[in-house]
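A.B. asks: Go ahead and model the full structure; you've got the sequences and the hints to work with.
2 protein chains.
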Amino acid sequence: MPRVSDEHLAARRQQILDAAWACFARQGFHATSMQDVFAEAGLSAGAVYRYFPSKTELVRSTAEGILGNLTQVIDEMLDREQTPDPAEAVRTIVNFVTTMATSRSYDPTRIALHVWAESLHDAEIRGIVHTVAHTLRDRLTQLAERWVASGAIAPDSSPPQVAVTLYGLMIGFVGQLHLIGDVTADDYADGMVALIRSRVAAEVPRGDT
Amino acid sequence: MPRVSDEHLAARRQQILDAAWACFARQGFHATSMQDVFAEAGLSAGAVYRYFPSKTELVRSTAEGILGNLTQVIDEMLDREQTPDPAEAVRTIVNFVTTMATSRSYDPTRIALHVWAESLHDAEIRGIVHTVAHTLRDRLTQLAERWVASGAIAPDSSPPQVAVTLYGLMIGFVGQLHLIGDVTADDYADGMVALIRSRVAAEVPRGDT
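One line per chain: the protein sequences are A and B, in this order. Take 1 as the starting number for the first sequence in the UniProt record's numbering and just add one per residue. Take 1 as the starting number for the second sequence in the UniProt record's numbering and just add one per residue.
These are computed hints drawn from the structure, not numbers from a lab. One thing to keep in mind: the hints can contain errors.
As the list claims (entries may be wrong) - Under 8 Å between C-beta atoms, here's a sample of chain A residues computed to sit facing chain B:
#1 Tyr-51
#2 Leu-113
#3 Ser-119
#4 Leu-136
#5 Gln-161
#6 Phe-173
Cβ coordinates follow ideal geometry from the N, Cα and C atoms, glycine included.
C.D. replies: The structure is reproduced here in structure tokens:
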């Protein structure tokens, strides 16, 4: 297939995704119809269905996009000579989530919240949410394995358990960002650092920090 | 008003709430109509409206009930002679959330997730979510203030920041419980303990733990 055609296909695909994201972010996933997406994209039903046969496929592509961005951030941490410690990793992740939430015309973290809500009712969407969660927790588990190996966390720590807690911190940040709206990445990361330092305060004599 | 009447009112009120909770947990808040609640409760529209003039008021009562349970758990920690340390506090809270999620005919944490989703679209529901969040974070801030006072966390820690992070941990636990379904309170608390111990491993020579 000639290269120009590939580019055209990719551009058209992105045009449809942009339209869908604008609709999802504005009115939620449930309230968005494929007709809304056609209108937003300025394309015919046939032109859209050729790329995305259903709303679920639009969500799948959207989720894959968000997942790709997040795994990249974690992979960059895994690729560093010196793996960032837990506090720095939490800060890096919540900073990136904030950047995602504010730097684009649509907010992918708000879309994530809509998709989570939809997954309570829709088994296909739930499957997508599971895939995203397991992929991210796998990456976070690798991060925790590095921490065990480097001695950054205790040798009897369970990397999958740490990954679940880190993923919970991510969900809790996105949740508060949209449900309450008054949380910043810095507050959140500083709060985490205070907790991480808590046992230091309890176990180590003062004056050595 | 005679006492028997008060009891009757309370029982009737609870009967309606039970019916609403069953509907919310089964089909979500959005998909539940007041007609569904009448049918589930076996009561007339007039009998229900006398207690709850709208779905929003049912949500408000439900949220107040969940909030009451959670603040009680935190208050019990605040009332102890020795305030539990951060790791124990996280364990106590996620254990209680798990108990809430499994010990009743309806699951209030699943209802919470539906209410969060609804709050994205509904300003009144958002107001309820904000009240719950601020009340819980106030209590968690008091807990963090105790930790600063006792030296359990560093003196330069910000109790409101710690509260935001702890609340994020709670949301992240409830989210994973329902979105993914494979997380236990023990895993989550152990993961948190591993993170709390992380700086100990990094800053303190091995062999002293």
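A.B. asks: Hints the structure violates: just list their numbers, smallest first.
C.D. replies: 1 and 4
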